[in-house]
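Going line by line, the protein sequences match chains S and W. At position 75 of the first sequence (counting the first as 1) the number is 75 in our numbering, and the numbers step up by one without a gap. Numbers in our numbering are just positions in the second sequence, counted from 1, shifted up by 1000.
If you're looking for bench data, these hints aren't it; they were derived computationally from the structure. Cβ atoms here follow ideal geometry from the backbone N, Cα and C, with glycine treated the same way. Among the hints, erroneous ones may be present.
Stated by the list, open to error - In silico contact screen, one side only, chain W against chain S (beta carbon under 10 Å); selected entries:
1) LEU1222
2) ILE1224
3) VAL1230
4) THR1232
5) LEU1575
Claimed, not checked - Pairs of lysine-lysine residues, derived as DSBU-like cross-links and limited to a Cα-Cα distance of at most 35 Å, are as follows:
6) W:LYS1360 / W:LYS1208
7) W:LYS1089 / S:LYS407
8) S:LYS58 / S:LYS281
9) S:LYS407 / S:LYS281
10) W:LYS1656 / W:LYS1453
11) W:LYS1208 / W:LYS1089
12) W:LYS1358 / W:LYS1457
13) S:LYS407 / W:LYS1208
14) S:LYS165 / S:LYS407
15) S:LYS281 / S:LYS165
16) W:LYS1656 / S:LYS407
17) S:LYS58 / S:LYS407
18) W:LYS1656 / S:LYS281
19) W:LYS1208 / S:LYS165
20) W:LYS1358 / W:LYS1453
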Amino acid sequence: MTGYDILQIALYLGLLIICTPLLGGYMARVFRGERTPLSFVLRPVENGLYRLLGVDSKAEQNWRDYALALLLFSLAGFGFLFLLQLVQGSLPFNLAGAANVEPFLAFNTATSFVTNTNWQAYAGETTLSILTQMIGLTVQNFVSAATGIAVLLALTRGLIGRSGKALGNFWVDLTRATLYVLLPLSLILAILLIGQGVVQNFSAPVTGAALSGETQIIPQGAAASQIAIKQLGTNGGGYFNANSAHPYENPTPFSGFLQMFSILLIPAALTYTYGSMVGSKSQGWAIFAAMFILFAAGLVLMLAAEYAPNPAGGGILSLEGKEVRFGMTNSVLWGAATTAASNGSVNAMHSSFSPAAGAVAMLNMMLGEVIFGGVGAGLYGMLIFVILTVFIAGLMVGRSPEYLGKKIESGEITMAILAILLPSAAILLFTALGVIAEAGLRGRASAGPHGFSEILYAFTSGAANNGSAFAGLNANTPFYNLLIGIAMWVGRFGVILPVLAIAGSMAGKRVAPASAGTFPTDSPLFILLLIAVILIVGALTFFPALSLGPIVEHLLALSGRTF
Amino acid sequence: MKARPLFERAILQRALIDAFRKLDPRQQVRNPVMFVVLVGAVLTTLIIVRDAFSGRSADAGFNVQIALWLWFTVLFANFAEAMAEGRGKAQAEALRKTRTQMTARRLSNGREERVAASELSRGDLVVCEAGDAIPGDGEVVEGIASVDESAITGESAPVIRESGGDRSAVTGGTRVLSDRIIVRITSEQGSTFLDRMIALVEGARRQKTPNEIALTILLAGLTIIFLLAVVTLRAFAAYSEAESGLTETTATVPVLIALLVCLIPTTIGGLLSAIGISGMDRMIQRNVLATSGRAVEAAGDVDVLLLDKTGTITLGNRMASSFIPAPRISDARLADAAQLSSLADETPEGRSIVVLAKEKFGIRGRELSEAQAQFIPFTAQTRMSGVELHGYDHVPARSIRKGAADAVRKHVESAGGQFPNAISAAVEEIARRGSTPLVVSEGREVLGVIELKDIVKGGIRERFGQLRAMGIRTIMITGDNPLTAAAIAAEAGVDDFMAQATPEDKLRRIREEQASGHLVAMTGDGTNDAPALAQSDVGVAMNTGTQAAREAGNMVDLDSDPTKLIEVVEIGKQLLMTRGALTTFSIANDVAKYFAIIPALFAAVYAPSPGEIGPLAALNIMGLSSPQSAILSATIFNALVIVALIPLALRGVSYKPMSASAVLQRNLLIYGVGGLIAPFIGIKLIDLLVSLLGWA
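Excised from the complex, chain S in its bound form (with noise of 0.2 Å):
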């Protein structure tokens, strides 16, 4: 490593958080529906889609009415997004000719945008019509993380609120989360993407001659709008299949870290607004820290891990799948922040990590991508860990858990417990009947523990909706296509509906005024308890699993033994 890459990575994180609470505050005025710089221009627009809508946005919501026009919201979209494959091939806009996506293809795509996962089984240039890629896949990009943004803010109000009624408006939370926060952001991010030359056109593609001689298809179409969505939703799919190692998607060092930046922004940010709204900053900071701080602990193992001298690649830098136009800090950087959010585009084959690294990635999301994760989701999420913790340790000072004033009781348990057992779920069972069923093994690009771990990684990476893929695997297969799709249904409505059921049982509480007797859940001590619980349970779940994969591949590359 040289100087430069630690400044990078200083000036990433640097960055990071000097714009959380800058950003942070503009959504927590966003989301209370104070007035904002963009008011002037946005505010009749916000309104005039709720006349058009007929959304009452006065109107407050319990949780089951949240969460079913939450799941009502997102079984459209599944619908239309499916139907849309099916027949794009006679649909405009289909300038390189694609033909109609098979059934099962199409049931794990639009699964994997409305779930804000973005796994993709297919080659996005060749399988999807432009049309299918804008008014399908772009719009979910927006939409599916708006939601995730507006299961926080239930969540969020239901820990503070005094009444089980006042969780929100879905369709407010969801507009203004669109309108707001994503739109603007991805406007000035598309232009500067498009400005350091990602493409953004109709054309249809290409045809050139290559350097060895041969002809050469190079496809065209309106990445940079999809891209900076990609990143900043958490999203990850990529409108070409190469991802962020596609020169028309990533071409310049600047470009790559605008997108890595993106990618954790929005995340990060959202710990301040959390903790504007709840009224205390530090409990904000306090999650912000745990998350920093698991982060950066497995961006220092995955970059061990790369620049250690690999014994079975006779002592040199293993540069083979990874993003060689900007070195292997980069590719590194870029692989920890997109498992870590569960945003999975890739500038690096993870496959080609080393076991270590690669373990490191999968552990990231095993962990129910709480490390800054989905936009929404991940916060989320770790609220559940928040809870959980408060729960076990809370339990040491004397007093029954009460996390901000408020009773964890029976009801808030058994749902966090069902937030945590259903991804866990999904990722063991479904790999287990990947490494047993002869449809499952035949995808395997490997053999041995690597061919463990890229079903192992495809699981983990749908149930997680992080959609990231370790590479080799052949997922476009009824079997992969039916069970990831199912994976990340569990995944993601298997963790909002017990989050909002949260959301609700917590909103009626009465808050007890914090005290000398109250638990503290902003103090150093409980972030580093916060991060105990995280690893301990996530590990105890997975280190099986991880045993067999990445970690006993790791001890036979020391020995010089590789798959």
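Chain S is already provided as a structure; the job is to place chain W on it using the hints.
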């Protein structure tokens, strides 16, 4: 009642038998974690039997040992519960013993008949005379008697119980020493306080408290997660073994069951019930009977204490501390008059005046015959007491009064005297200090003021300081005027006070505190305390109190000691802490167990060539001697740690009043970090022993 030793022979024997009796699946299913262990033990046993019949004997010895330790795990947990139950029952039984072979003299249609105490029902009237035991909880409806309540309170001095008023409640099992009373039985036999309390310490009948239910759900959830991890491990193992060219699996069902049992939170799961029961038991040991486990749990959450001034913060009585004479009156004359007026006054205040006169002026006690003097007792109307000395020979008649300032003023002014301004000033000054002024007059002349001081209990200030550090606010309740109340509040170091408080004020205050999110505890004894007791989150009724008060509260203090409230809160906190500490310990333990079992399970996977040691052996950081020994040692450790922690579960974690942050830091270090490290050492030691003994 004294705290009993941790392991008493009789209880121990009984618990050993009960540990087996509790294997009944109907009881086990109440505890999901231990039920899984039971199912695991049964399954392993069945596999051994199957293997024995089919002649497979490869791992027979090892499997038998695993099965044995799984059974031990269940039995140890049962034993813990049985021990707690036994101790609680023994404590309650001691209270109940007095009542078992009692006969009652029931009144029916005016005639008396002898029936067994157990046949009494609510509303029955029974006669109790000197020497009789009172057959059940009830209320005196006729007569007055002195009652020996030492059987339940340990206090040897008899107490007065009479019909009407605040002292009408009697408790079953106490004994009438003098006179005759008629008692109306107020509770069904079997639903008296004691019976309810006994139900709280019986594992099978016990209702789980809200926090216990939540914790049970958490533990069940963790159990399901680990069940998934272990079940899927079978598939992962099959894949890896096939890829390494192995034909036989090490991940056999008994081994996976052992892994599962090691991972699920058996430590806390096995001890949870015992912890809850012991909490009740500690209440009984302090002579507090709780009507529900919920109340004990709520005690830990209380953050506002309403404390009656008298008896809790100050010694029950005021003491004379100084004489302040009126202008032109000598100290000695005042002291002499004050002493004379108090000679017949048997109240502690009266006695303290006599003592002060003797200490300061050497005025000795005098015998005054009825012929010489007539004592005027205190009445609520006159609010004065005093003495009329008859004149004889050359001694003039004297008329001495002492009492509240305004009463004496009225008395002297009606006789044509004057109430000096200096005395008014002195009275105010004394009140401001938090003391009670008692004005003394003779004839129509005011002699001066006696200052009666409230004596704040020693050490109470420090105690309130500790409570404050724990985040608990104390509010002093008193009937005194605000001036007096403020002075005592300052001296005692309470956070707030309510002066001239009526029962209605108390009730209102509790509601206000609760509305702003606080949990309130209070003590009370009178019937007019009942609404407030019922409203408070923890209401401790004094045993001497009325039946109404005792029914309204959710605890009864047999010692009728208001200070006990603080201990009640501490017991509640200790109960919750013990639960949290053992949960943390239990979960932290798992890390080491993985490092013992995973390398053992997959020692052969991806080995360079068959028969050699595979790469995962590198995870065997404890250097355990063999795969089988590692698995066995982890299982043994898991079982033994339950036994090792039984004393902790029964006694509760050590408790010191500190702030939440400090408590957390301390417990986290002991049970969190300790829980991470302890099993590494424990499993290694057991492994050494196991390999030494050649068990595996």
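Hint by hint, here is what the structure shows:
1. Interface restraint check: W:LEU1222 against chain S, minimum CB-CB distance 8 Å, threshold 10 Å, status holds.
2. Of the supplied interface hints, the one on W:ILE1224 holds, with its beta-carbon coming within about 6 Å of a beta-carbon of chain S, less than 10 Å.
3. Below 10 Å, beta-carbon pairs count as interface contacts, and W:VAL1230 has one with chain S at about 8 Å; its hint therefore holds.
4. Taken as an interface hint, W:THR1232 checks out: its beta carbon lies about 4 Å from the nearest beta carbon of chain S, inside 10 Å.
5. Satisfaction of the interface hint for W:LEU1575 is found here, the shortest Cβ-Cβ separation to chain S being roughly 8 Å, below the 10 Å cut-off.
6. Using a Cα cut-off of 35 Å, the hinted pair W:LYS1360 and W:LYS1208 is violated, with the two alpha carbons roughly 61 Å apart.
7. Straight-line distance between C-alpha atoms of W:LYS1089 and S:LYS407 comes to about 32 Å, which keeps the hinted pair within the 35 Å bound.
8. Using a Cα cut-off of 35 Å, the hinted pair S:LYS58 and S:LYS281 holds, with the two alpha carbons roughly 27 Å apart.
9. Our distance criterion of 35 Å between C-alpha atoms is met by S:LYS407 and S:LYS281, whose separation comes to about 21 Å.
10. Among the hinted pairs, W:LYS1656 with W:LYS1453 is consistent with the structure: their alpha-carbon atoms are about 33 Å apart, no more than 35 Å.
11. For the proposed pair W:LYS1208 and W:LYS1089, the alpha carbon gap of about 18 Å is at most 35 Å, so the pair holds.
12. Between the alpha carbons of W:LYS1358 and W:LYS1457 the distance comes to roughly 24 Å, so the proposed pair stays at or under 35 Å and holds.
13. For the given pair, S:LYS407 sits about 17 Å from W:LYS1208 by alpha-carbon distance, which is consistent with the 35 Å threshold.
14. Proximity of S:LYS165 to S:LYS407 is assessed by CA-CA distance (about 18 Å); at most 35 Å being required, the pair is judged to hold.
15. With a C-alpha separation of about 25 Å, the suggested pairing of S:LYS281 with S:LYS165 holds against the 35 Å cut-off.
16. Between the alpha carbons of W:LYS1656 and S:LYS407 the distance comes to roughly 24 Å, so the proposed pair stays at or under 35 Å and holds.
17. The suggested pairing of S:LYS58 with S:LYS407 holds, with an alpha-carbon distance near 29 Å, which does not exceed 35 Å.
18. As the CA atoms of W:LYS1656 and S:LYS281 are separated by approximately 32 Å, the hinted pair is consistent with the 35 Å bound.
19. Annotation: proposed proximity of W:LYS1208 to S:LYS165 holds, straight-line Cα distance about 30 Å (limit 35 Å).
20. A hinted pair counts as satisfied when its Cα atoms are at most 35 Å apart, and W:LYS1358 with W:LYS1453 qualifies at roughly 17 Å.
Checked against the numbered hints listed earlier, the structure breaks hint 6 alone; every other hint is satisfied.
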